[in-house]
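**Q** Sequence lines, in order, name chains B and G.
Under the numbering used here, read the first sequence as residues 1 to 318, first letter to last.
Under the numbering used here, read the second sequence as residues 1 to 53, first letter to last.
Think of the hints as simulated: they come from the structure by calculation, not from any bench.
Hints may be right or wrong, so weigh each one.
Pairwise CB distance ranges (calculated) [unchecked claim]:
#1 G:19 - B:218: 25 to 35 Å
#2 B:288 - G:21: 48 to 58 Å
#3 G:22 - B:288: 54 to 64 Å
#4 G:28 - B:52: 49 to 59 Å
#5 B:288 - G:17: 36 to 46 Å
#6 B:268 - G:30: 49 to 59 Å
#7 B:268 - G:12: 55 to 65 Å
Backbone N, C-alpha and C fix where the C-beta goes; we use that ideal spot for every residue, glycine too.
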Amino acid sequence: MSVVDHNAIEFPRISEAEVGDYLALLKPRVMSLVVFTALVGLVIAPGHFHPILAFTSILCIAVGAGASGAMNMAYESDIDALMSRTANRPIPRGRITPPEAMAFGMILAFFSVMTLGILVNWVAGALLAFTIFFYVVIYTIGLKRWTAQNIVIGGAAGALPPVVAWAAATGSLSMEPVLLFLIIFFWTPPHFWALALFRNDDYARAGVPMLPVVAGPDATRLQILLYTIVLVAVAVAPWPLGYFDAIYGVASLVLGAGMMALAINVYRRREGKEAGRATRRLFAFSIVYLFALFATLLLEVVVRAVAPAIGAVMPVFG
Amino acid sequence: MDNPKPEGIVLTEAQKRSRRSRSIAIALALGVLVVLFFAVTMVKGPGVLVRPM
Chain B
1 MSVVDHNAIE FPRISEAEVG DYLALLKPRV MSLVVFTALV GLVIAPGHFH PILAFTSILC
61 IAVGAGASGA MNMAYESDID ALMSRTANRP IPRGRITPPE AMAFGMILAF FSVMTLGILV
121 NWVAGALLAF TIFFYVVIYT IGLKRWTAQN IVIGGAAGAL PPVVAWAAAT GSLSMEPVLL
181 FLIIFFWTPP HFWALALFRN DDYARAGVPM LPVVAGPDAT RLQILLYTIV LVAVAVAPWP
241 LGYFDAIYGV ASLVLGAGMM ALAINVYRRR EGKEAGRATR RLFAFSIVYL FALFATLLLE
301 VVVRAVAPAI GAVMPVFG
Chain G
1 MDNPKPEGIV LTEAQKRSRR SRSIAIALAL GVLVVLFFAV TMVKGPGVLV RPM
């Protein structure tokens, strides 16, 4: 006769998570920006880079970014459940447990770094490992719940993908990827603080010390304006310094004027629906701004490649 | 008197379906990795073992 009551045995939880839930852990929208900025870093790098190696590099950077997202969600599931913007993520919905997400992220991080290192080069592999470490350990675990400067310092992780891509293509670093890094680094605060202004209640409820929660909306508006001034200056600078051409220069001036106008609008309109509309407009335009600025760099590469051919056919353009 | 034989873990249809889809996704990912390593080996030729630091 058995003394074990089988009805009392607690069986392990069986996952019903679909592939889509795991894909959602990779933060696909963030990944698309990472892939795009990395692609620009790859394309503007000098020399010939075999398309298969280029594809491998972008894939590894994308998977590495996804791994960071999964580990970030595993660590932040408690606050994600409290915020309307993130309550629908797979962990707060109960589809995936935090340990499952953490294991998924760690496996992807390991494979992305090792694959990039083995197949492309170890400078890029090491930089990707550092990016993942910075995002998960320094930003998610260290800064996010501790200081209002969380996204300023943590922004470095988001700014590194084009640097990793450049290193993949060249095996080294130089001024151009550093400039791309600085543009994304100074773009991050106005972008996220604009979001934080109209999601202030969410962050306050979750106890995340975003700048509007800690210092108030007015101080945040001033910081957005100051960082936008620095961003526009940093984004235009590569043109007079001779790193990027005139197409980029003109685009950075026009787009920068748009960013400045919207940041001034956010600074001036502090009450009612107008204030909310101003911050949402700045948030939306900041995404367009970064995409357009980096797309211009791609355009310059295409123009540079096509110009000699046009010059040969029509000497006036030569 | 014999106790009924313990059934252990019996998966529901939904659990079986999601497990199968996850297994297929893992297989596809491993397949992509194999193809990737093969393709890069073809591209680099004998130089595949020479990796600049």
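**Q** Looking back at the numbered hints, which does the structure fail to meet, lowest number first?
**A** 1, 2, 3, 4
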